[in-house]
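Take the given structure of chain A and dock chain B to it, following the hints.
Here are the chains, one letter per residue:
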Amino acid sequence: MDTTATTGTEGKLWGGGNRPLGASYGKLMMWFFIVSDALTFSGFLASYGFTRFKFIETWPIAEEVFTHVPFFHGNYPLYYVAFMTFVLIMSSVTMVLAVDAGHKMKQKGVILYLFLTIIGGLIFVGSQAWEWGTFIRGDYGAVETRGGRILQFVKADTGERAALADFATPIHGEREQLTRDKAFWFGSESGLPSFTVEEVSEGLRANPNILIRTETIVDDEKTVLNREQSLERIKDARRVVEGANLIRNEYGSRLFADFFFFITGFHGFHVFSGVVINVIIFFNVILGTYQRRGHYEMVEKIGLYWHFVDLVWVFVFTFFYLV
Amino acid sequence: MAHDHKLEIFRGLIKFKSNTQKIWGVLVFLSIVTTVEVALGIVKPHTLTANYFLGMKLLNWIFITLTLVKAYYITWDFMHMRDERPSLRRAVVWTPIFLVSYLLFILLFEADYIYNVWKDGFMAWNF
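First to last, the sequence lines map onto chains A and B. Quick note: the first sequence, position 102, residue 102 per our numbering, numbers continuous. Quick note: the second sequence, position 122, residue 122 per our numbering, numbers continuous.
No wet-lab data here; the hints were simulated from the structure. It is possible that part of the hints are untrue.
Unchecked claim - Taking beta-carbon pairs under 7 angstroms as the criterion, some of the chain A residues facing chain B (in silico):
id	residue
1	Trp31
2	Ala38
3	Ala46
4	Gly49
5	Pro77
6	Arg149
7	His307
Quick caveat, the model's predicted, so the values are computed rather than measured. Backbone N, C-alpha and C fix where the C-beta goes; we use that ideal spot for every residue, glycine too.
This is chain A alone, in the form it adopts within the complex:
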C-alpha cells in the first residue's frame, strides 16, 4: 500500500524536490544578499540626494573638488575618477572571464583571470586611498563664517582660485597649540591651521586682487563678491579651514565631506573585502579544490559579488561626481 501522501503537485515547477528558480542555494543566497546590500547603498545615495536637494543652491561643485591626478600638477577634473571607473569595469571583465573559464573547467584560465581581478581591485582601493588623502589635505584653504558657511578666495584678474598662502599676511606673535597639559582636561585641539583668521583678513585687505567666493550657485557658477562686499564679508570669518574632516571642510557644505567619506568609504570597504575573498578563492583554485569538487560555483558566487561592487560604483560615480 502506498504510504506517501500526495498533494497532486509533484512534477510541477513549484511542487518541491527541484530548484524552481533554477539557481543553486549558494547563488540564490548571494542574489538575496545583493538585493539587501543594494537597498543599503540606495539608502545612502537617497539620503545624499535628500541633502543635495535641501542645499541645492549652495552644494559644492564636484568637478571643482576632484581635479587632481597623481604625478601631475594642474586642473584635470574627473579624469582620475574616470580612470578608477575603467579599472573597476576592467576587473569585472576579468572576473567574468574567470567564471567562463571555470565553466569550461580550465584551472589555468581561472588562476590567470582571478589574479588579474585581484590586481584590478588593489589598484582601485589604492586609488581611492590616494583620493581620500588628497581630499583630506585640501589645496586652497578657506575660512568659515560664524554661520558655518565656507568662504573661498579667487584672484580678481584671472578668476582662478587663490590659496591662502598666496595672499595671507604673516603676523608675528605665535599662537600656541592648546594641549591637555596646558589647559583643563577637556580643552585641546588637533593641530593649528597654517594661518590665523587675522592673517587671512589682513592679507585680503592688503591685496586688492583677492575676492571672496561664496557657496551660493547662480547659473552653475559660485558667486564671486566684489571688492567692497568681500571686505564686508570677511568680518564674519571665524575660523580657517584647510582640507577636510568629518566636522568641516574647505569645499563647502559640511555634509559634503561626510557623505564623501561615508559613501565612498563604504564602497571601498566592499572592494577591500571583495579582494580578500578573491584572494582566499584564488588560493583554493591554485590548490585545485574546485577542480576536485567538479565545478567552479564558488568563483561564480564571488563573481556575482564583485560585479555588484562594480555596479554600485557606477551609481556612486554618477551621483557623487557627475550629477
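Below, chain B without anything else, positioned relative to chain A:
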C-alpha cells in the same frame, strides 16, 4: 547551472559567437558610455544645463539614463541575469526598483520642501 549563454545583446541586433566574445563586446560598449559621461561632465553643453525636464537638468537626466543602461548591461551580461529564469530575475530586480523609487520620491520631495522653507521662512542660515 546555466552553461548555455544567450549571446545576443541590443535585442538581437548584435549576436556574438561565444560568451568570451560577448564579454569583450559589452566592455567596449560600457567604456564608450563612460567616456561619453565624462566628456559631458567636463564640457557641460549649455543647452543641456540650461533646460529642465521635471525639475531636473537635461544633462542630469542623460547621466542617470546612461547609468541605468550601464547597470543593465553589468547585471544582464556580467552577472548572467540574461540566462536566469524570469522568476529569479523579477524577484531580484523589481524589489529594489520598487522600494528605491518610493524612497526617492518621498525623500526628494521632502528635501525640496525643506529647501523652500529655509529659503522663504523667517530664518537665517546663510550668514
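- Hint check, Trp31 of chain A versus chain B [nearest Cβ-Cβ separation less than 7 angstroms]: holds (5 angstroms)
- Taking the closest Cβ pair, is Pro77 of chain A under 7 angstroms from chain B? holds (6 angstroms)
- Does Ala38 of chain A meet its interface restraint, that is, does its C-beta lie within less than 7 angstroms of any C-beta in chain B? The hint holds - Ala38 of chain A has a Cβ within 7 angstroms of chain B, the shortest such distance being about 5 angstroms.
- Interface hint outcome for His307 of chain A [beta carbon to chain B under 7 angstroms]: holds (5 angstroms)
- Message: Using the nearest Cβ pair, does Ala46 of chain A come within less than 7 angstroms of chain B?
- Response: holds (5 angstroms)
- Item | Per-residue hint verdict: Gly49 of chain A, partner chain B, C-beta under 7 angstroms | holds (6 angstroms)
- Query: Does Arg149 of chain A pass the interface check with chain B, least Cβ-Cβ distance below 7 angstroms?
  - Reply: Since chain B brings a Cβ to about 6 angstroms from Arg149 of chain A, closer than 7 angstroms, the hint holds.
Every hint from the earlier list agrees with this structure, and none is contradicted.
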